[in-house]
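There are 2 protein chains.
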Amino acid sequence: MARKNGKTSGAVEKKLVGVADVVITAAQRRKDPTLAIPVRSLSNITFNEHKGLIEMGKAMQARSFFNVGMAKKFMQTVLVADALCELQRADLTTSLREIYYRSKHTIKNSQENTFDTQDESDPLIEDLEVSLAALREELHVRAENGGSVVGPLVLVDDGDRVDCAKLGKGGYSVPSIVEPEYLQIRSCTADFVLLVEKGTQWNRLSEDKFWRTHNCILLTGNGQPPRGVRRLARRLHDEKRLPIYVLVDNDPWGYYIFSVIKQGSINLAFESQRMAIPKAKFIGLSSGDPETYGLPRNVGIKLNDKDITRARELLNYQWFQKKAWQKEIKRMLSSGLKYELDALASKDFQYLTKKYLPRKLKEKDWLE
Amino acid sequence: MARKNGKTSGAVEKKLVGVADVVITAAQRRKDPTLAIPVRSLSNITFNEHKGLIEMGKAMQARSFFNVGMAKKFMQTVLVADALCELQRADLTTSLREIYYRSKHTIKNSQENTFDTQDESDPLIEDLEVSLAALREELHVRAENGGSVVGPLVLVDDGDRVDCAKLGKGGYSVPSIVEPEYLQIRSCTADFVLLVEKGTQWNRLSEDKFWRTHNCILLTGNGQPPRGVRRLARRLHDEKRLPIYVLVDNDPWGYYIFSVIKQGSINLAFESQRMAIPKAKFIGLSSGDPETYGLPRNVGIKLNDKDITRARELLNYQWFQKKAWQKEIKRMLSSGLKYELDALASKDFQYLTKKYLPRKLKEKDWLE
Numbered sequence: 001m002a003r004k005n006g007k008t009s010g011a012v013e014k015k016l017v018g019v020a021d022v023v024i025t026a027a028q029r030r031k032d033p034t035l036a037i038p039v040r041s042l043s044n045i046t047f048n049e050h051k052g053l054i055e056m057g058k059a060m061q062a063r064s065f066f067n068v069g070m071a072k073k074f075m076q077t078v079l080v081a082d083a084l085c086e087l088q089r090a091d092l093t094t095s096l097r098e099i100y101y102r103s104k105h106t107i108k109n110s111q112e113n114t115f116d117t118q119d120e121s122d123p124l125i126e127d128l129e130v131s132l133a134a135l136r137e138e139l140h141v142r143a144e145n146g147g148s149v150v151g152p153l154v155l156v157d158d159g160d161r162v163d164c165a166k167l168g169k170g171g172y173s174v175p176s177i178v179e180p181e182y183l184q185i186r187s188c189t190a191d192f193v194l195l196v197e198k199g200t201q202w203n204r205l206s207e208d209k210f211w212r213t214h215n216c217i218l219l220t221g222n223g224q225p226p227r228g229v230r231r232l233a234r235r236l237h238d239e240k241r242l243p244i245y246v247l248v249d250n251d252p253w254g255y256y257i258f259s260v261i262k263q264g265s266i267n268l269a270f271e272s273q274r275m276a277i278p279k280a281k282f283i284g285l286s287s288g289d290p291e292t293y294g295l296p297r298n299v300g301i302k303l304n305d306k307d308i309t310r311a312r313e314l315l316n317y318q319w320f321q322k323k324a325w326q327k328e329i330k331r332m333l334s335s336g337l338k339y340e341l342d343a344l345a346s347k348d349f350q351y352l353t354k355k356y357l358p359r360k361l362k363e364k365d366w367l368e
Numbered sequence: 001m002a003r004k005n006g007k008t009s010g011a012v013e014k015k016l017v018g019v020a021d022v023v024i025t026a027a028q029r030r031k032d033p034t035l036a037i038p039v040r041s042l043s044n045i046t047f048n049e050h051k052g053l054i055e056m057g058k059a060m061q062a063r064s065f066f067n068v069g070m071a072k073k074f075m076q077t078v079l080v081a082d083a084l085c086e087l088q089r090a091d092l093t094t095s096l097r098e099i100y101y102r103s104k105h106t107i108k109n110s111q112e113n114t115f116d117t118q119d120e121s122d123p124l125i126e127d128l129e130v131s132l133a134a135l136r137e138e139l140h141v142r143a144e145n146g147g148s149v150v151g152p153l154v155l156v157d158d159g160d161r162v163d164c165a166k167l168g169k170g171g172y173s174v175p176s177i178v179e180p181e182y183l184q185i186r187s188c189t190a191d192f193v194l195l196v197e198k199g200t201q202w203n204r205l206s207e208d209k210f211w212r213t214h215n216c217i218l219l220t221g222n223g224q225p226p227r228g229v230r231r232l233a234r235r236l237h238d239e240k241r242l243p244i245y246v247l248v249d250n251d252p253w254g255y256y257i258f259s260v261i262k263q264g265s266i267n268l269a270f271e272s273q274r275m276a277i278p279k280a281k282f283i284g285l286s287s288g289d290p291e292t293y294g295l296p297r298n299v300g301i302k303l304n305d306k307d308i309t310r311a312r313e314l315l316n317y318q319w320f321q322k323k324a325w326q327k328e329i330k331r332m333l334s335s336g337l338k339y340e341l342d343a344l345a346s347k348d349f350q351y352l353t354k355k356y357l358p359r360k361l362k363e364k365d366w367l368e
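Quick mapping for you: the protein sequence lines, in order, are chains A and B. The numbering of the first sequence is the numbering used here, which starts it at 1 and goes up by one. The numbering of the second sequence is the numbering used here, which starts it at 1 and goes up by one.
Hints listed in this document are in silico derivations from the structure and should not be mistaken for laboratory results. Honestly, I wouldn't trust all of these hints.
Unchecked claim - SDA-like, lysine to any residue: derived pairs with alpha carbons at most 20 Å apart:
(1) B/Lys166 x A/Glu313
(2) A/Lys347 x B/Lys14
(3) B/Lys281 x B/Lys347
(4) A/Lys281 x A/His50
(5) A/Lys51 x A/Pro180
(6) B/Lys166 x A/His50
(7) B/Lys347 x A/Gln118
(8) B/Lys347 x A/Lys51
(9) B/Lys347 x A/Leu79
(10) A/Lys330 x A/Glu313
(11) A/Lys108 x B/Gln118
(12) A/Lys347 x B/Glu239
(13) B/Lys14 x B/Arg136
This one's a predicted model, so the numbers in the text were calculated from it and none came from an experiment.
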């Protein structure tokens, strides 16, 4: 209801209306209405070493109405744009699934549906994101709330002042959309952000008030961080100049999660420029930690074939070519073991907060 | 750190110490140390029609030390009790996984581990819950934060006053443990609780400030509600005398979620008496709603074989024997269709908040 912003919404609405304009203009000129959609395949993706980002290239494909193979998809694209436009005008947000339902009709005097499954509408929303250079969030498409945050951070959500230092251990539930039109960062006195993969460790840190003893923001997405959590970290990095430290399990999946936070993902290359944090630092678990911190071998988990294959793939990625990273991944492979953050509990339930992280931070023991 | 409570913790600690006492007392008397563990199988579970709860019976099994088949399990039970005791003494909470790691050692002068996988420690924690009549949360075992809440509700978490009417659209992230020793309900002026299955609809309601127009608490667990969300609903019901309305998809899974909220689950029958809400009401989606609210058939999803089998199973459950429920489930089966809450968006993005729920509430159109 509130969350008026004028500027952003207006701009996005204009872009969406532009999609309809293509059809009208072409019709007036008696031409074939055509939309230019950037190609979202591996062939059109590169790693920009200078920026440290996975980026999309400039290849485009035409989608035109008077083409038997494309006509339905063209019509569907316009329908989805129309639903998205409705969201902008009413100043509402919704989910991918509801957009599918909203755009689904049985075409008059036929048995034909505009859409049969959500698989047909989701890619069109991505097409529009890329074509219109608007983040999904700017198109007002959200997922579920997906994480928690505590620490010396004051946000404004829907006009409410939310002090994340006064929300107990539970914290603020991070919304799916944290764009400035919805969520403002009023103030933040932290020195850094600790982005924790798993909720368990976040709970340990929150319970022990680690954010207070180390003046930081504790953020988690309960697993692979959802877009809202990534965008919030990115905004804290950009707007408050905070370093971002990422704490994940020591396994190929942990490395991958870190890499997505740092340089973006191949699937959503278009969004890297506003989601990725090229300066993010990997603070652990490192494959060197079990030795350094004396973790017993019996809490390591044997790498399975999938882990080994995945780790070898990571070794070949351009963004893991730095010497330190090659060493990190190879050490895991040669040990034959992976370690979960939870394994630190084998020493002591509070080992993470009292020993491991304080030493890591003091020794600046991280990878970039 | 804070969250001192003395009473509860002390009592639970004593119970845990009691487990060790069994061993000591037996040793002193030169007897076989034996623990009595309630049987957690279907044979020991009944539905108490009067209370409207799934309950555990009184059958017990002995676990003794001087029995080749039981010795390891006995030792493991004592180790887990010891780790849980450590939590009580240090006033900490932790996860099932960390308890596994904490209790895992290689036994001196052997290659034998106390535990090889978490599958061995989890059931022992359940054994202890049941034996000691302590909820998992009272044993300080938590899962991840698992849901969101907004509305006219003031909580106290770790000494912080958390006003859920002033947390924007995002709301308060519901902790895994909401027991009174950790979370206090300071005040609540709502008329009822709306427990919403999916985050999408919760977001719609939160964005539209439905809690303000209808003076209610909006609660979700993003799917099958986790224990923290169920306990919070139960506490609001008990302590603030609030009716609980449950909003789920119209499919067998939705019915099942409702039934777990209402009378508990077979797997965790022991906990029903403190988790279940026998007076919870099913407010929708009902299989009658598509007709009543004019939902087009094309947004219904064809029931698959699994749905049909599951629905037929539900028809046989004791707690679905009421006439209205038989009619409800049979109507779904005969229509051959299931409907998601998201399908309401086919009418209008705000149909849920502006039309559907207001009418449901006004007409008291729910099932018990």
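Here is how each hint holds up against the structure:
1. Between the alpha carbons of B/Lys166 and A/Glu313 the distance comes to roughly 47 Å, so the proposed pair goes past 20 Å and is violated.
2. Simply put, A/Lys347 and B/Lys14 have alpha-carbon atoms about 24 Å apart, too far for the 20 Å limit, and the pair is violated.
3. At most 20 Å may separate the alpha-carbon atoms for a hinted pair to count; B/Lys281 and B/Lys347 exceed this at roughly 25 Å.
4. Of the supplied pair hints, the one linking A/Lys281 and A/His50 holds, its CA atoms being roughly 17 Å apart against a limit of 20 Å.
5. With a CA separation close to 24 Å, the supplied pair A/Lys51 and A/Pro180 exceeds the 20 Å bound.
6. Restraint check for B/Lys166 and A/His50: not satisfied, since their Cα atoms lie roughly 43 Å apart, outside the 20 Å limit.
7. For the given pair, B/Lys347 sits about 17 Å from A/Gln118 by alpha-carbon distance, which is consistent with the 20 Å threshold.
8. Restraint check for B/Lys347 and A/Lys51: not satisfied, since their Cα atoms lie roughly 45 Å apart, outside the 20 Å limit.
9. Taking the CA atoms of B/Lys347 and A/Leu79, the gap is about 15 Å. The hint holds against a cut of 20 Å.
10. For the hint pairing A/Lys330 with A/Glu313, the CA-to-CA distance comes to about 12 Å; that is within 20 Å, so the pair holds.
11. At roughly 57 Å between alpha-carbon atoms, A/Lys108 and B/Gln118 are farther apart than 20 Å, so this suggested pair is violated.
12. The suggested pairing of A/Lys347 with B/Glu239 is violated, with an alpha-carbon distance near 40 Å, which exceeds 20 Å.
13. For the hint linking B/Lys14 to B/Arg136, the alpha-carbon distance of about 16 Å falls within 20 Å, and the restraint holds.
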